[in-house]
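*Asks:* So you can see what is in the structure, the chains are spelled out below.
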Amino acid sequence: MTLVPVLIFVFLLSLLATYPQAMAQNSSPNRDINTVLAAHDKELLAIPDVVGVYVGTIGNDRQLCLKVMLARANPESERRVPRMIEGYPVVTEVTGEVEARGAPDSGQKR
Amino acid sequence: MQIGTTPYILSAGHVLEGDTVLGGNRRVARTGDPIIQPGLIDEQCNRFLAQSVGTLIKKRSIATSNTDCGIARVIGGMVQTDGAILGIGTISRNTAAPALNQPVQKSGRSTGLTHSHVSGLNATVSVVFTRECHGTTYQKTFHGQIVVSNPSQAFLRSGDSGSLLVEDVSPHPRAIGLLFAGNKSSAFANPIGEMLNFLGASMVGN
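Protein chains in written order, with the working numbering: chain V, 1 to 110; chain U, 1 to 206.
The hints are simulated quantities; they were obtained by calculation from the structure and are not laboratory data.
Computed from a prediction, not measured in an experiment: that's the story for all the values here.
One or more of the hints may lead you astray.
Unchecked claim - Heads up, simulated EDC-like pairs for lysine to aspartate or glutamate below, C-alpha to C-alpha not over 20 Å straight-line:
(1) K58(U) x D33(U)
(2) K42(V) x E93(V)
(3) K184(U) x E78(V)
(4) K140(U) x E194(U)
(5) K140(U) x E97(V)
(6) K59(U) x E194(U)
(7) K140(U) x D49(V)
(8) K184(U) x D49(V)
(9) K184(U) x E97(V)
(10) K184(U) x E99(V)
(11) K59(U) x E132(U)
(12) K184(U) x E93(V)
(13) K140(U) x E43(V)
(14) K58(U) x E167(U)
(15) K140(U) x E99(V)
To be verified - Partial list, computed: chain V residues near chain U (C-beta under 10 Å):
(16) I33
(17) A38
(18) D41
(19) L45
(20) V51
(21) G52
(22) M69
(23) A73
(24) V94
(25) T95
(26) G96
(27) E99
(28) R101
Using N, Cα and C, we set each Cβ at its ideal position, and we do this for glycine too.
With the rest of the complex left out, here is chain V:
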C-alpha cells in the first residue's frame, strides 16, 4: 500500500536530480539560440530578481550567449542561473529593474 507513494517520491527526486544537468549541459549547441531561449526563458524568469533574458554576445569574437538581467545583486539567484544552457554560455548582469521611460524627471530636457 505504501509502495506507490514511495515510487512517486523517488521518481520526482530523480527528475529534480537530472533537471539542472539537462539545463546546464556543456555539449555543443544542437538548437538555434532563439529556440533555446524560448524553451528556457520562463524557468530563468522564475528565479528571484531575474527581470529579463535575451540573446547577446560576449568577447571580442562576439560569441552568441544568453544574457540574464538581475534587478539587484543576489548571490543565491546568481548561483541558480546555469553557466551554460544547451551549449550556450549564460552571462548574468546586475542591471536594475527595467522601467517604462515615459515620465521625465524635471530639468532633463535637452
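On the provided structure of chain V, position chain U as indicated by the hints.
*Replies:* Quick look at chain U alone, frame taken from chain V:
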C-alpha cells in the same frame, strides 16, 4: 505613421494613455483627449502654455498585445506628416529587422539625438509601469524585444519613451522599433513590424 491615408502621431502607449486609474486627478485617458506639445512637465503643468497637436485614439496596447504603443490623430497643420524626425530628417517608409551590433539612433525628449547599437535580440523582459503620474506600479512581461546598449543611460532616459529606433544611416533610415523602457545599461524597443500589425498601420517617409 498612417492608417489608410490618415496620418497619426505614434508614441508609447504609456506616454499617450498612461493615466489608467482615476487616482489623484479623477481622470483616465480616453479617446478624444487632447495630446499636447510640449508635455505638461515642460510647461510647469499649465496646459495652456502648450499646443494641442492631436487627439488620442485609445488602443490599450499594453493590456491587449505584446507592444507598448499609442496613437493620436493629427490636428491638421500642427505636425509634419512626411515622416521627418528632429535631428534625423525624413525616414524611409520601409522598415527593417534588427541585427546584433547594428548601429542605431533615436531622437527623444530628454536626451535628444543619440546613437548606439543593438546589443541583444529576442528579449523576454519584465517592465515596471505606473498607473498614472507618480501612481502605483504594475509589471508586464514582453517577449521578442530589441535590446540597445545604454551605458549610464546615455542613449535613453526617462522622458524618451516613444522615440522611434531607426538605422544609423543617412539619408532616410528605416524604422526598427519603438523605444519604451530601460535600465542603467540597456534600452528596450518593440519590434516595429509587430507594432504596425497591432495598429493596422504603415510608416510614412521617403
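*Asks:* Now tell me if each hint is right for this structure.
*Replies:* Checked hints:
1. K58(U) x D33(U): holds (9 Å)
2. K42(V) x E93(V): holds (18 Å)
3. K184(U) x E78(V): holds (19 Å)
4. K140(U) x E194(U): The given pair, whose Cα atoms are some 17 Å apart, holds under the 20 Å limit.
5. K140(U) x E97(V): holds (12 Å)
6. K59(U) x E194(U): Cα-Cα ~14 Å, so holds.
7. K140(U) x D49(V): It holds: about 15 Å lies between the C-alpha atoms, which stays within 20 Å.
8. K184(U) x D49(V): holds (16 Å)
9. K184(U) x E97(V): holds (9 Å)
10. K184(U) x E99(V): holds (10 Å)
11. K59(U) x E132(U): holds (17 Å)
12. K184(U) x E93(V): Distance ~11 Å between K184(U) and E93(V) Cα, so the pair holds.
13. K140(U) x E43(V): Holds - the C-alpha atoms of E43(V) and K140(U) are around 17 Å apart, at most 20 Å.
14. K58(U) x E167(U): Status violated; Cα separation ~29 Å.
15. K140(U) x E99(V): Judged against 20 Å, a Cα distance of about 10 Å means the pair holds.
16. I33: Since chain U brings a Cβ to about 8 Å from I33(V), closer than 10 Å, the hint holds.
17. A38: Result: holds, 8 Å to nearest chain U Cβ.
18. D41: holds (4 Å)
19. L45: holds (6 Å)
20. V51: holds (5 Å)
21. G52: holds (4 Å)
22. M69: holds (7 Å)
23. A73: violated (13 Å)
24. V94: holds (9 Å)
25. T95: Holds, about 5 Å.
26. G96: holds (4 Å)
27. E99: holds (5 Å)
28. R101: This hint holds: R101(V) lies near chain U, its Cβ roughly 4 Å from the closest one there, short of 10 Å.
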